[in-house]
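Asker: The task is simple: from the sequences and hints, build the whole structure.
Listed in order, the protein sequences are those of chains A and B.
Quick note: to get the numbering used here, add 13 to the position in the first sequence (first position is 1).
Quick note: to get the numbering used here, add 41 to the position in the second sequence (first position is 1).
In short, the hints are calculated from the structure, not lab data.
Even glycine gets a Cβ: it sits at the ideal position worked out from N, Cα and C.
Below, a list of computed lysine to aspartate or glutamate pairs in the DMTMM-like style, where the Cα atoms sit at most 20 Å apart: (1) A:Lys100 to B:Glu382; (2) A:Lys15 to B:Glu309; (3) A:Lys100 to B:Glu309; (4) A:Lys94 to B:Asp381; (5) B:Lys44 to A:Glu71; (6) B:Lys44 to A:Asp70.
If we take Cβ atoms under 7 Å as the criterion, some of the chain A residues that face chain B in the derived model are: (7) Trp49; (8) Pro76; (9) Arg79.
These stretches of chain B come out as covered by chain A in the derived footprint (C-beta under 8 Å, 3 or more residues): (10) 209–222; (11) 293–302; (12) 369–381.
The chain contents come next:
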Amino acid sequence: MKHEETIISGFGGQGALFAGQLLAYSGMAEAMHVTWIPSYGPEMRGGTANCTVIVSDEEIGAPIIRYPTCAVVLNLPSMQKYEPLVKPGGVLIVNESLVDIQSARDDIRVITLPASDIATALGNPRMANLVALGALAQATGLVALETVAAQLEAHLSERQRKWLEPNKAALQKGAELAR
Amino acid sequence: MAKELLKGNVAFAEAALRNGLEAYFGYPITPQSEALEHLSGRMIEEGRVFLQAESEVAAINMVYGAASSGVRTMTSTSGPGLALMAEGLSYIAGSEVPAVVVNIMRGGPGLGNIQPSQADYFFMTKTAGHGDFHPIVLAPSSVQEIIDMVGLAFDLADKYRTLVLIAGDGSIGQMMESAELPPMQPLRPEPDRPDWAIVGAEGRAPNLITSLYLGAQNLEAVNLRLQAKLQEIRENEVRYQEYEVEDAELLLVAYGTVGRICTTVVREARKAGKKVGLLRPQTLWPFPDARLAELGARVRGVLVAEMSAGQMLEDVERAIARQAPVRFHGRMGGVVPMVDEILADLDKLDEETR
Numbered sequence: 014m015k016h017e018e019t020i021i022s023g024f025g026g027q028g029a030l031f032a033g034q035l036l037a038y039s040g041m042a043e044a045m046h047v048t049w050i051p052s053y054g055p056e057m058r059g060g061t062a063n064c065t066v067i068v069s070d071e072e073i074g075a076p077i078i079r080y081p082t083c084a085v086v087l088n089l090p091s092m093q094k095y096e097p098l099v100k101p102g103g104v105l106i107v108n109e110s111l112v113d114i115q116s117a118r119d120d121i122r123v124i125t126l127p128a129s130d131i132a133t134a135l136g137n138p139r140m141a142n143l144v145a146l147g148a149l150a151q152a153t154g155l156v157a158l159e160t161v162a163a164q165l166e167a168h169l170s171e172r173q174r175k176w177l178e179p180n181k182a183a184l185q186k187g188a189e190l191a192r
Numbered sequence: 042m043a044k045e046l047l048k049g050n051v052a053f054a055e056a057a058l059r060n061g062l063e064a065y066f067g068y069p070i071t072p073q074s075e076a077l078e079h080l081s082g083r084m085i086e087e088g089r090v091f092l093q094a095e096s097e098v099a100a101i102n103m104v105y106g107a108a109s110s111g112v113r114t115m116t117s118t119s120g121p122g123l124a125l126m127a128e129g130l131s132y133i134a135g136s137e138v139p140a141v142v143v144n145i146m147r148g149g150p151g152l153g154n155i156q157p158s159q160a161d162y163f164f165m166t167k168t169a170g171h172g173d174f175h176p177i178v179l180a181p182s183s184v185q186e187i188i189d190m191v192g193l194a195f196d197l198a199d200k201y202r203t204l205v206l207i208a209g210d211g212s213i214g215q216m217m218e219s220a221e222l223p224p225m226q227p228l229r230p231e232p233d234r235p236d237w238a239i240v241g242a243e244g245r246a247p248n249l250i251t252s253l254y255l256g257a258q259n260l261e262a263v264n265l266r267l268q269a270k271l272q273e274i275r276e277n278e279v280r281y282q283e284y285e286v287e288d289a290e291l292l293l294v295a296y297g298t299v300g301r302i303c304t305t306v307v308r309e310a311r312k313a314g315k316k317v318g319l320l321r322p323q324t325l326w327p328f329p330d331a332r333l334a335e336l337g338a339r340v341r342g343v344l345v346a347e348m349s350a351g352q353m354l355e356d357v358e359r360a361i362a363r364q365a366p367v368r369f370h371g372r373m374g375g376v377v378p379m380v381d382e383i384l385a386d387l388d389k390l391d392e393e394t395r
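Answerer: See below:
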């Protein structure tokens, strides 16, 4: 049975919430139950923003959880907050471009990748979220990479359309590094 | 209709529109402002009334006016706004016109914050305004359920000529979840408006919508009729959902977001071999007293979980009537209780009642 409780966290503007929505759309497209809930306090650009996404074969009870099975940390404060909380056996995706500390956990799978640097090389550092999402999809097998790419195509806003192909490349690159 | 990924606030707004909402009046307040934002576009597209009022006081009185003309009307707000509406809510109840109000609860008292809360329970179920009345209060626990309850709210409001409140919380408003919207219903044609409505009195005696009855005998008669109606609602409209109560020795009682969190608590407790069940009230008024009394006679203990200092707790205690110990787990100020902390209190109850 598939069931993952994922927290995606970063600075406001890094696209943590959008990456979470893509994961939710992808879970739905694969006929699973999904919930997406943002931290919606008085956040602002440059502050931290996170969302909790649950994708499951069974009906979802608690949509808000303390201990995620997966965490994607795009910046240092997110690493400090969520690295200790990942459930044993879980997955932690770390954006080492902005996180200069290492995880001390040996009971989870830690995937460290320079998501922001990869995104910058592909044309825009703001695609770090898609690099990390590609790694997450690959590491967990929760949703197929093609599904995420299709949902990206369906939900990328008109304004960001020119970034569709680079975003798909970011997704692929992230997945490759998690293999 | 296919399932879509919908945010709670957008979902209930669109569901209202599809259930024949003809006029929406509101004033923005987090965590439900997406509802106004959505309707500000959609209502105009459909050629209906959307009006951002100058305050919540104005908004509820506009709802009162629109309801008096026999159209489906609603507003939505959060605790501080609902407080401002108290006078209008009472006038609507006293005048017996159908109206729907969605309250997406946030932390209080005062301006508080914008995180999820359930601390408006007393306000909504017992003291929504001055005078003797209760609105029907529906409590959704998911995006799908708030969609379904909007339709139910309009039907109940029309059926009983009463005020119906939907008790959501910030989590349901802000959450996105896969859900299915209802098909588009046509608006009620003007000739089909109720016979009490104010629609122009050409060729007949005029209708009067009022809550003013200066004679004491008259007003008591109105109150007796209102109470008889509330009694009918008590007898016919109690709704709740049960989860694993069949062989339960310990009973959880929780509604809304905490209610769905408690389904996970039940799953976890059952994995640990504990016979735990959940009763999730879907109507907070009328309250499932009779069912709780039955369950109270056969369980060892009851645990109530809420995002408040213990408001629904009082109704549970009243219904259980000392047949079993009733304990409480509450978080306040926008803090959402987590599965592990509710489990810990369940363990204590288990030990205490063994």
